[in-house]
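Here are the chains, one letter per residue:
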Amino acid sequence: MEGQLVLKGVRKVYTKGNIFIEALRNINLEIAKGEFIAIMGPSGSGKTTLLNIIGCLDIPTEGEIVYNGEQLTNLKEDTLAEYRKNNIGFIFQSYNLLPVLTVKENIELPLVIDKTISKRERETRVMELIEKVGLKGMENRYPNELSSGQEQRVAVARALVKKPLLVLADEPTANLDSQTALEIIQIMKQMNEIENTTFIFSTHDPQIEKFAKRIIILKDGMINSDTKISQ
Amino acid sequence: MYKEWEKIIQMAVRNIKRNKRRTVLSIISVGLSIMLVVVLQGLVDGLVENIIKNSIKNETGHIRITTKKYFEEINSPSSQQIVYNPESVLGYILSDVNVSMKIEFVTERIKFPVLLQYSGNNKTAVCIAGDSEKEKKLLMLDKSIIEGEYLRNKLVVKGNKKYREIIIGKKLAKMLNLKVGDTFPLMLSGIDFGVRIPSFYVRGIFETGLNMFDENVFMMNIEDAKYVLRTNGGVHEILIMIKKYKEAEKVAKYINSLLLKKDEYKNLVASDWKTTGGFVKMMYQALKIYNFLYIAITFLGSFIITNIILMTILERKREIGILKSMGFKKVQILMLFTFEGMVLGTVGSICGALLGILISIPLSIYGIDFSSSMSNMNFPMDNIVRWSINLASILSSVLLGILVSSIVSVLPSRYASKMKTVDALKSV
Ligand SMILES: Nc1ncnc2c1ncn2[C@@H]1O[C@H](COP(=O)(O)OP(=O)(O)O)[C@@H](O)[C@H]1O
Ligand SMILES: [Mg+2]
Chain E
6 MEGQLVLKGV RKVYTKGNIF IEALRNINLE IAKGEFIAIM GPSGSGKTTL LNIIGCLDIP
66 TEGEIVYNGE QLTNLKEDTL AEYRKNNIGF IFQSYNLLPV LTVKENIELP LVIDKTISKR
126 ERETRVMELI EKVGLKGMEN RYPNELSSGQ EQRVAVARAL VKKPLLVLAD EPTANLDSQT
186 ALEIIQIMKQ MNEIENTTFI FSTHDPQIEK FAKRIIILKD GMINSDTKIS Q
Chain U
14 MYKEWEKIIQ MAVRNIKRNK RRTVLSIISV GLSIMLVVVL QGLVDGLVEN IIKNSIKNET
74 GHIRITTKKY FEEINSPSSQ QIVYNPESVL GYILSDVNVS MKIEFVTERI KFPVLLQYSG
134 NNKTAVCIAG DSEKEKKLLM LDKSIIEGEY LRNKLVVKGN KKYREIIIGK KLAKMLNLKV
194 GDTFPLMLSG IDFGVRIPSF YVRGIFETGL NMFDENVFMM NIEDAKYVLR TNGGVHEILI
254 MIKKYKEAEK VAKYINSLLL KKDEYKNLVA SDWKTTGGFV KMMYQALKIY NFLYIAITFL
314 GSFIITNIIL MTILERKREI GILKSMGFKK VQILMLFTFE GMVLGTVGSI CGALLGILIS
374 IPLSIYGIDF SSSMSNMNFP MDNIVRWSIN LASILSSVLL GILVSSIVSV LPSRYASKMK
434 TVDALKSV
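Line by line, the protein sequences give chains E and U.
Sequential numbering from 6 applies to the first sequence in this note's numbering.
Sequential numbering from 14 applies to the second sequence in this note's numbering.
Bound-form chain E, shown alone (with noise of 0.2 Å):
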C-alpha cells in the first residue's frame, strides 16, 4: 500500500556496560498513510525508542522496518539521511531550534538541502506555515525572543515545510500549558486532514489523546493494546 510503513519483529537492546536493557520486544506495526496515532505508556515503556527507530535515527537490534514496501533495515547512515529529508518531519519536546536563525531561517531550513524545491516555492511555503502556526510578524524574531508556546509552533512549522509524508512528534506538548498544548495538536491534526500527512506522536497528555484516531499503548517495550477510533 502506498505510504505504508510496517515493523516486524523489531527489537532494541541497549547495552550499558554488562546490563542490557530490552527497550523494545517483538514489535509488530502497520501504520498507514494518514493516520494520527497517539503511543502512550509510562515513562520508560520504549515511546522514544520506538519513535527514533520509526525515525530512522537509530536502528533496531531485531527486525525490520519496511516503508513503500522498501527495507530500510541495513541501509547507510547518509542513505537513511536522503531517507529523512524526503520523508519524515521530526518534533522533539525540548523544540530544539537553532539559536542563530531566525524563525523563518529555522523553518527553512529543511527546504534549504533540498536542491528539487526552488527558492520562490520555499518562500511561499514557509510564509503559509508561518500563517499558519500564529507567528505572523515574528519571522525575523530569534528562538531565544520567543514563548516555549512559540518556539514549539516553530518547531512544528519546521517539521511540516518540505510536506513529509510522516511526522514523528515525540512528547510534543509535554512542555506546554495546556491552551498552547491544545493549539499545537489542532495544527497538527489540521495538516493531518488537508495533506493526508501520516502523525505518530507520544504523549501523556489526556487532553492531547482525545485527538488521536489510533492509540498504542506501550508497557515494557510491548505493544500492550493497539486501538482504532472511530470518530
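Check each hint, because a few of them may be wrong.
[Stated by the list, open to error] Just some of the chain E residues that point at chain U, by a computed CB distance under 8 Å:
id	residue
1	62
2	67
3	71
4	72
5	98
6	106
7	109
8	137
9	140
10	150
By construction, these hints were calculated from the structure, which means they are not laboratory data.
The beta carbon of each residue, even a glycine, is placed where N, CA and C say it ideally should be.
Using the hints, position chain U with the ligands against chain E.
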C-alpha cells in the same frame, strides 16, 4: 546548487559572532602566529635579497664567463685560469643580437689572493681589479670612500718613483697600519710564475659595512693588474649584467651554446648568479628550512582552534542531532564546523598579516643594524638589514594560516559528523 553551502557558511559565521570571547581568543592566537611568520619572512626575504644583491655585484655579476677550471679549486678561484683576449670573446658573443639586446653592460675582473705580512703575522687578502668606471655600478666602492679618494686610474709620482694606486678596506688598512698617501710593497707571483714586489700607493680607504670587504679586500685598476701579473691582456672573469636578472639562466645557456661553437672558446663557460654564487646557493637551502619553521609556527598558533571547535561541538550536540534528523549529511555537518575554524583562521590570518606588514614597514625603511652580531662573519651581508615586504610571501602566509586552521578544524569536526544522531539528541 550551493544554497545549502551558503546556509552552512552563514550559520558558521553567526555562531562565530555569537561566541565573541572565543572568537577573539582564536583570532589573537592565529593572528600572532601569522604576524610572527610575516615579520620573520620579511627579515629572511630581506636577508636573502641583500645577500643576492651583494653576491651579484661583488662576486658573480648576473652572468660570469670564466674558464671551466676556474672554480675547480675549492677555496679560491685559480689565478692561473685566465680568459685570454676578453675583447674578442665579448666581440663574438655580443655580435649575436639575442645576447646583445638583453645586455646592460659588461666588465672584466682580475681577482687574486695576496699574502700580507703585518707585525709578524700572515694574512691572506683578496685584490679585486676592475674597470674603475664600470665598477661604480657594481662594487660601488666610490660610494664607500671614507678617507682619500676613489681610484683615478692614473699613476702616482712620489719622489722620483711611480706607483700604481689602490684603495683598501678600513679594517685591513688598520691592520696593516696604512694611511692615505702611504706606499707599500706587495709580493706577487705573475701568470708567468715570476715573483715581483711592486709598491702601491694608497689612494683611498673604504668602508662598506660588509665585513667580508672591509677586512679582506683592496681594489686596483684592471690595467694595472694585467701589467703586474703579466696576464698579456687576459682576465679572470668577464661579468655580464643583463636587463632582467631573472633571465640570467636562459641567457647564460645561450651564451654557452655560442661558446661551444668556437674551438678557441671551448674551455670557457658562462654561469648565472644562482649556480656559482656560493652564498646564494646556501641561502636557497636555508629558505627551505625556514619554510618548515613558518609551518610549525602556524600550527602552534592555530592549535587553539581545534580546542575551540571541540568545545563548540560539545555544546551544540543537540543542534547536531537536529540537523542530522533533518537529513543533513555527514559532510555537511563536517563542513559546518570546519567552516567555523576556517573563518576564524582566515580572519586571524588577515589581521595577523596586516599587523605583520605594519611592523615590517619601519623595519623595511630603517632596517636593523646587525653589525655587532655579524662582526666576525665573512658573509656578503650589509650591516644594516632591511626587511623585504614581499606581497607573494605575505599572501602565502595568509593562505598557510587558512589552510592550517582548516586542517586543525577537520579533526574535531569529523567527530561531530560521526556522532550518532540519537546520542546527539539526548544530550542536554
Ligand atoms: N541510550 C540508552 N542507553 C541505555 N538505555 C536506554 C537508552 N535510551 C533509553 N534507554 C532505556 O530504554 C528504556 C526505554 O526508554 P525510552 O524509549 O526513552 O522510554 P520512554 O520514551 O517511553 O520514556 C528505558 O528503560 C530507558 O532507560
Ligand atoms: Mg521518552
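Okay, the hints, checked on the actual structure:
1. The beta carbon of residue 62/E comes within 5 Å of a beta carbon in chain U, closer than 8 Å, and the hint placing it at the interface holds.
2. For residue 67/E, the shortest C-beta to C-beta distance to chain U is roughly 17 Å, which exceeds 8 Å, and the interface hint is violated.
3. Hint status for residue 71/E: violated, given a least beta-carbon distance of 20 Å to chain U, over 8 Å.
4. Contact between residue 72/E and chain U, as hinted, is not supported at the beta carbon level, the nearest pair being about 15 Å apart and thus beyond 8 Å.
5. Taking 8 Å as the C-beta contact cut-off toward chain U, the hint placing residue 98/E at the interface is violated, the least distance being around 10 Å.
6. A cut of 8 Å between beta carbons decides the hint on residue 106/E: the least distance to chain U is about 7 Å, and the hint holds.
7. Here the hint on residue 109/E is broken, as its CB sits about 13 Å from the closest CB of chain U, past 8 Å.
8. Nearest Cβ of chain U to the Cβ of residue 137/E: about 20 Å, over the 8 Å cut. The hint is violated.
9. Here the hint on residue 140/E is broken, as its CB sits about 19 Å from the closest CB of chain U, past 8 Å.
10. The closest approach between the C-beta of residue 150/E and any C-beta of chain U is roughly 14 Å, which is over the 8 Å cut-off, so the hint fails.
Hint compliance for this structure: hints 2, 3, 4, 5, 7, 8, 9 and 10 are broken, all remaining hints hold.
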